[in-house]
Amino acid sequence: MQRITCDVLVIGAGPAGLAASIAAKQEGAEKVLIVERDESIGGILQQCIHPGFGLSYFKEELTGPEYYARFADKTLELGVEVLLNTMVLDITDEDVVCISAKDGLSIIKAGSIVLAMGCRERTRHQLTIPGSRPSGVFTAGTAQRLMNRENAMIGRRVVILGSGDIGMIMARRMTLEGAKVIAVVELNDYLAGLTRNKVQCLDDFEIPLLMKHTITDIKGRKRIESVTVCEVDANNIPIPETAVEYPCDTLLLSVGLIPENELTHKAEIDISPITNGPVVNQYMQTSREDVFACGNVVHVNDLVDNVSLESERAGQYAAKYALGKLKKREDVIQAQPGRNVRYICPQQIVNAEDGGEINLYFRVAGPEEKVRILVKTGDKVIVQKKALRVNPGEMEHMRFDAREITSPDLTVEVMKEAI
Amino acid sequence: MKTDVVVIGAGAVGCAIARELSKYELDITVVDKNEDVGGDASKSNSAIIHTGYDASPGTLESELVVAANPMYDEIARDLDVQFERIGAILPAITDEQLEQLPAIKDKAMRNRVYDVEYLTREDVLRMEPEINPEVRAALYIPRESIIDPFVLVQAYAENAFANGVHFLLSTKVTDIRTGDGHIQSVITTGGEIETKWVINAAALFCDEIAGMVGKRCYDVVPRRGQFYILDKNTSCKVKHIVLPIPTKVTKGRLMSPTVHGNMLIGPTAEDLDDKTATETTAEGLKSIRVDVEKLVPRVNWRDAIIQFSGLRPNRVPEGLHVDTYEDLKGYINLSGVRSTGLTLSAAMGKYVAHLMVSLGMNAPFKKNFIGTRKGITRFADLSVEQKAALIEEQPLYGNIVCRCETVTEQEILEAIHRPLGARSVDAVKRRVRPGTGRCQAGFCTPKVIEILARELNVPASEIMKNEKGSYYVVGDMR
Numbered sequence: 001m002q003r004i005t006c007d008v009l010v011i012g013a014g015p016a017g018l019a020a021s022i023a024a025k026q027e028g029a030e031k032v033l034i035v036e037r038d039e040s041i042g043g044i045l046q047q048c049i050h051p052g053f054g055l056s057y058f059k060e061e062l063t064g065p066e067y068y069a070r071f072a073d074k075t076l077e078l079g080v081e082v083l084l085n086t087m088v089l090d091i092t093d094e095d096v097v098c099i100s101a102k103d104g105l106s107i108i109k110a111g112s113i114v115l116a117m118g119c120r121e122r123t124r125h126q127l128t129i130p131g132s133r134p135s136g137v138f139t140a141g142t143a144q145r146l147m148n149r150e151n152a153m154i155g156r157r158v159v160i161l162g163s164g165d166i167g168m169i170m171a172r173r174m175t176l177e178g179a180k181v182i183a184v185v186e187l188n189d190y191l192a193g194l195t196r197n198k199v200q201c202l203d204d205f206e207i208p209l210l211m212k213h214t215i216t217d218i219k220g221r222k223r224i225e226s227v228t229v230c231e232v233d234a235n236n237i238p239i240p241e242t243a244v245e246y247p248c249d250t251l252l253l254s255v256g257l258i259p260e261n262e263l264t265h266k267a268e269i270d271i272s273p274i275t276n277g278p279v280v281n282q283y284m285q286t287s288r289e290d291v292f293a294c295g296n297v298v299h300v301n302d303l304v305d306n307v308s309l310e311s312e313r314a315g316q317y318a319a320k321y322a323l324g325k326l327k328k329r330e331d332v333i334q335a336q337p338g339r340n341v342r343y344i345c346p347q348q349i350v351n352a353e354d355g356g357e358i359n360l361y362f363r364v365a366g367p368e369e370k371v372r373i374l375v376k377t378g379d380k381v382i383v384q385k386k387a388l389r390v391n392p393g394e395m396e397h398m399r400f401d402a403r404e405i406t407s408p409d410l411t412v413e414v415m416k417e418a419i
Numbered sequence: 420m421k422t423d424v425v426v427i428g429a430g431a432v433g434c435a436i437a438r439e440l441s442k443y444e445l446d447i448t449v450v451d452k453n454e455d456v457g458g459d460a461s462k463s464n465s466a467i468i469h470t471g472y473d474a475s476p477g478t479l480e481s482e483l484v485v486a487a488n489p490m491y492d493e494i495a496r497d498l499d500v501q502f503e504r505i506g507a508i509l510p511a512i513t514d515e516q517l518e519q520l521p522a523i524k525d526k527a528m529r530n531r532v533y534d535v536e537y538l539t540r541e542d543v544l545r546m547e548p549e550i551n552p553e554v555r556a557a558l559y560i561p562r563e564s565i566i567d568p569f570v571l572v573q574a575y576a577e578n579a580f581a582n583g584v585h586f587l588l589s590t591k592v593t594d595i596r597t598g599d600g601h602i603q604s605v606i607t608t609g610g611e612i613e614t615k616w617v618i619n620a621a622a623l624f625c626d627e628i629a630g631m632v633g634k635r636c637y638d639v640v641p642r643r644g645q646f647y648i649l650d651k652n653t654s655c656k657v658k659h660i661v662l663p664i665p666t667k668v669t670k671g672r673l674m675s676p677t678v679h680g681n682m683l684i685g686p687t688a689e690d691l692d693d694k695t696a697t698e699t700t701a702e703g704l705k706s707i708r709v710d711v712e713k714l715v716p717r718v719n720w721r722d723a724i725i726q727f728s729g730l731r732p733n734r735v736p737e738g739l740h741v742d743t744y745e746d747l748k749g750y751i752n753l754s755g756v757r758s759t760g761l762t763l764s765a766a767m768g769k770y771v772a773h774l775m776v777s778l779g780m781n782a783p784f785k786k787n788f789i790g791t792r793k794g795i796t797r798f799a800d801l802s803v804e805q806k807a808a809l810i811e812e813q814p815l816y817g818n819i820v821c822r823c824e825t826v827t828e829q830e831i832l833e834a835i836h837r838p839l840g841a842r843s844v845d846a847v848k849r850r851v852r853p854g855t856g857r858c859q860a861g862f863c864t865p866k867v868i869e870i871l872a873r874e875l876n877v878p879a880s881e882i883m884k885n886e887k888g889s890y891y892v893v894g895d896m897r
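Here the protein sequences come in this chain order: A and B. Read in order, the letters of the first sequence are residues 1 to 419 in our numbering. Read in order, the letters of the second sequence are residues 420 to 897 in our numbering.
None of these hints come from the bench; they were simulated from the model. Cβ atoms here follow ideal geometry from the backbone N, Cα and C, with glycine treated the same way. Any given hint could be a false lead.
With a cut-off of at most 20 Å between alpha-carbon atoms, the simulated SDA-like pairs for lysine to any residue come out as follows [claimed, not checked]: (1) B:694 to B:735; (2) B:705 to A:240; (3) B:651 to A:269; (4) B:694 to A:221.
Sample of chain A residues with no beta-carbon within 10 Å of chain B, all distances over it, derived [stated by the list, open to error]: (5) 153; (6) 155; (7) 206; (8) 305; (9) 394; (10) 408.
Using C-beta positions, here's what the derived DEER-type ranges look like [claimed, not checked]: (11) A:236 to B:690: 27 to 33 Å; (12) A:324 to B:655: 49 to 55 Å; (13) B:815 to A:59: 41 to 47 Å; (14) B:504 to A:354: 56 to 62 Å; (15) A:386 to B:655: 54 to 60 Å; (16) B:888 to A:199: 49 to 55 Å; (17) B:492 to A:324: 54 to 60 Å; (18) A:235 to B:476: 46 to 52 Å; (19) A:225 to B:874: 45 to 51 Å.
Full structure from sequences and hints, please.
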């Protein structure tokens, strides 16, 4: 058993953890340690070999590995320490317990902790898709890992459920590898992922996208043999008369991501029932004041560029906390989702009178066109903007100074523009 | 091949019989069509060790279940199987149900399950706060227990193997030869086995086996049971097995903890024709939700991590039978082993062994019978100090493969390399649980495939989910 002490401990070496560790170092934390369960750093970006990353952060288009490599170089340069193949088992009030084959069990005492464990994929069972349980049913990310990191081809005739980004990207990926992608099936009448992915991954390869459809049955005792696809009604209930059976040997699911918060649960940190991630304030600080969180463990992002920015804040403030420079939080204001807003992150603003830039990220509840987005405190509108269309699949962002919050309340709402 | 006893079927009952018979100087061969021990019904059920309180009094089933329940403390200890006597609560929610309680208690007494007690409404809600607050009263059945059904069968089998029993897996019985009023041999896809005894413990397929010797005087009608399993972290959990009061139509759906801390909910009861129809259906799953919410209103279905179904081998005409035949010596036919099969396996082993002795089996007891079996160390259940010590001893305990269930590489290696070891991803899962957590193998599947391929020295494309044909990977991309 070894004992380690550090100023800032970052859990996870994906894009969130890397950006947080760099910011913590730059803020003056002396010993910054990342604990990573994988054999290498980069997190999910290691398997994202497609381009499309970095357009806003670096103002150029990079692949996943290129994107994280820039952060990786910086962590090396700044002397961030990394423990690979190391799994955190528990976060207690006093310390963090982790294990690895190389170092055995370690107990880490940290000035502050940054949670950056990312997310996991929803499965067919969380959607309660009935049918048999053959092989050949993969979540899109698992398929992506097998193909892009393990060099394994997983099937030849593919149906994809869900229009999430990974699903659309895998539709293109499998097509490029010679598989036939029969259709992408989406329950809602709007896209779950980014519009650009629909254009570049589906339209360009003439892959049909069936909106307002779902899968109602899976057949095959050994390997999957077919799926039954049904149109759904206004309440998203399948219409049996519309059932069509598609023979296939592979079903990919891209039906949502869930922040991976096992450790957050164990540490008894408040978790939002909407985002499934920890409740945070503008410093990305959780309900436990020495624990910060960033990236997909907080809320599922669609762009890694946003994750990087948010994680830099988490790292910066975690370092401030560890160095005793972060003011105690007072005057907690809850950011309230107003009309057509599903959630807001951060959920809380503290010490508003001290000022500082506030970046509110939020998702709308339903798609809408020609809207005005308003951030309000009391009767005052702090900031507003017009949008041609909003979509739950694309995160929105509003920026303002904390000093603008003059009442003990903060609301974000999406209003239909008067014509 | 030549043997003394062929046991057909490596489910709970077949393996328990093999283990019991391995106490004698007998050459025993267990044959099963599946790639792993564990059977069909034995691996998809409610994982309960019943008391027999609701059996039909006076039947063989009642006798064996009631006799078996007390055996499990010792079996769990000797064979290292997770087992908990958590007790069952049978709540009466409606007036009509309240009126039924005395009859249920009376039946329990007639089954010699004397420790069944009445609970007041206050008792119930104190013991089990998640039960419907409209509950009027309840029955408490303290010895109803939960077990790891996979490991129970593996433990019987591994212990039988340690005592010299042969296992022929992925081997289907295609015919049985008889002559001079005796069993002669069993023909399998792996060759002919000369034998003195055949024990038909083929459960779902026992009618077809009986047909091979002209003794098919019943049919097996598969009765499907669909289940839900909920996340360990689900917001609404029960501490006891919460049983519904049966109606004329159905025994109803229960909610129970598993030995691993999940919630298990089900089953349905659907009579089918197809003995392989282990699908779940939208209607079946919905009926479970509707029924169980009457017992435990706050069940959180959003925390479901899996739905599955299993087939109970229901006998028509009904009833548990162990038959022997004047005109066919050496043949023992088990039929009607249904939902109580897991429970009564322990007693059935002893029953069949005794039956064989009474029929003239005179092999002496083995002098060196090994009575215990050590399971695979469950890393996740250890203290911090124990974990540290274990990794020091064997570093692969430091490699976590399944993050949801904290399963280490060393546990997976043991699952593969111990006798009757795992050859498929599901077989690994049933031994040491990677993939049974909330991500449902999303993260660990590639790793488990890689470990299996490496350890068995085959390409990844030859690693199956379970049976041949259930491949994950077509081949290398380039």
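Here is what the structure says about each hint:
The hinted pair formed by residue 694 (chain B) and residue 735 (chain B) meets the criterion: a straight-line CA distance of about 14 Å does not exceed 20 Å. Using a Cα cut-off of 20 Å, the hinted pair residue 705 (chain B) and residue 240 (chain A) holds, with the two alpha carbons roughly 16 Å apart. Using a Cα cut-off of 20 Å, the hinted pair residue 651 (chain B) and residue 269 (chain A) holds, with the two alpha carbons roughly 17 Å apart. The hinted pair formed by residue 694 (chain B) and residue 221 (chain A) meets the criterion: a straight-line CA distance of about 12 Å does not exceed 20 Å.
With a minimum CB-CB distance of about 5 Å to chain B, residue 153 (chain A) fails to clear the 10 Å threshold, and the non-interface call is violated. At roughly 6 Å from the closest C-beta of chain B, the C-beta of residue 155 (chain A) falls inside 10 Å, breaking its exclusion from the interface. Under the 10 Å C-beta cut-off, the non-interface status given to residue 206 (chain A) relative to chain B holds; the minimum distance is some 23 Å. The claim that residue 305 (chain A) is not at the interface with chain B holds, since no C-beta of that chain comes within 10 Å of its own (minimum 25 Å).
The claim that residue 394 (chain A) lies off the interface holds: its Cβ sits roughly 25 Å from the closest Cβ of chain B, which is beyond the 10 Å cut-off. With a closest Cβ-Cβ approach of about 30 Å to chain B, residue 408 (chain A) is found to remain outside the 10 Å limit, as its non-interface label requires. Separated by about 32 Å at the C-beta atoms, residue 236 (chain A) and residue 690 (chain B) satisfy the suggested range of 27 to 33 Å. The hinted window of 49 to 55 Å between residue 324 (chain A) and residue 655 (chain B) is violated, with their beta carbons roughly 42 Å apart.
With their beta carbons about 45 Å apart, residue 815 (chain B) and residue 59 (chain A) fall inside the hinted range of 41 to 47 Å. Distance hint check: the CB atoms of residue 504 (chain B) and residue 354 (chain A) are about 58 Å apart, consistent with the given range 56 to 62 Å. Separated by about 44 Å at the C-beta atoms, residue 386 (chain A) and residue 655 (chain B) break the suggested range of 54 to 60 Å. Distance hint for residue 888 (chain B) and residue 199 (chain A): a CB-CB separation of about 38 Å, inconsistent with the stated range 49 to 55 Å.
For the hinted restraint 54 to 60 Å between residue 492 (chain B) and residue 324 (chain A), the CB-CB distance of approximately 56 Å keeps it satisfied. The beta-carbon spacing between residue 235 (chain A) and residue 476 (chain B), approximately 50 Å, falls within the hinted interval of 46 to 52 Å. At about 30 Å, the CB distance of residue 225 (chain A) to residue 874 (chain B) disagrees with the hint of 45 to 51 Å.
The structure shown violates the earlier hints numbered 5, 6, 12, 15, 16 and 19.
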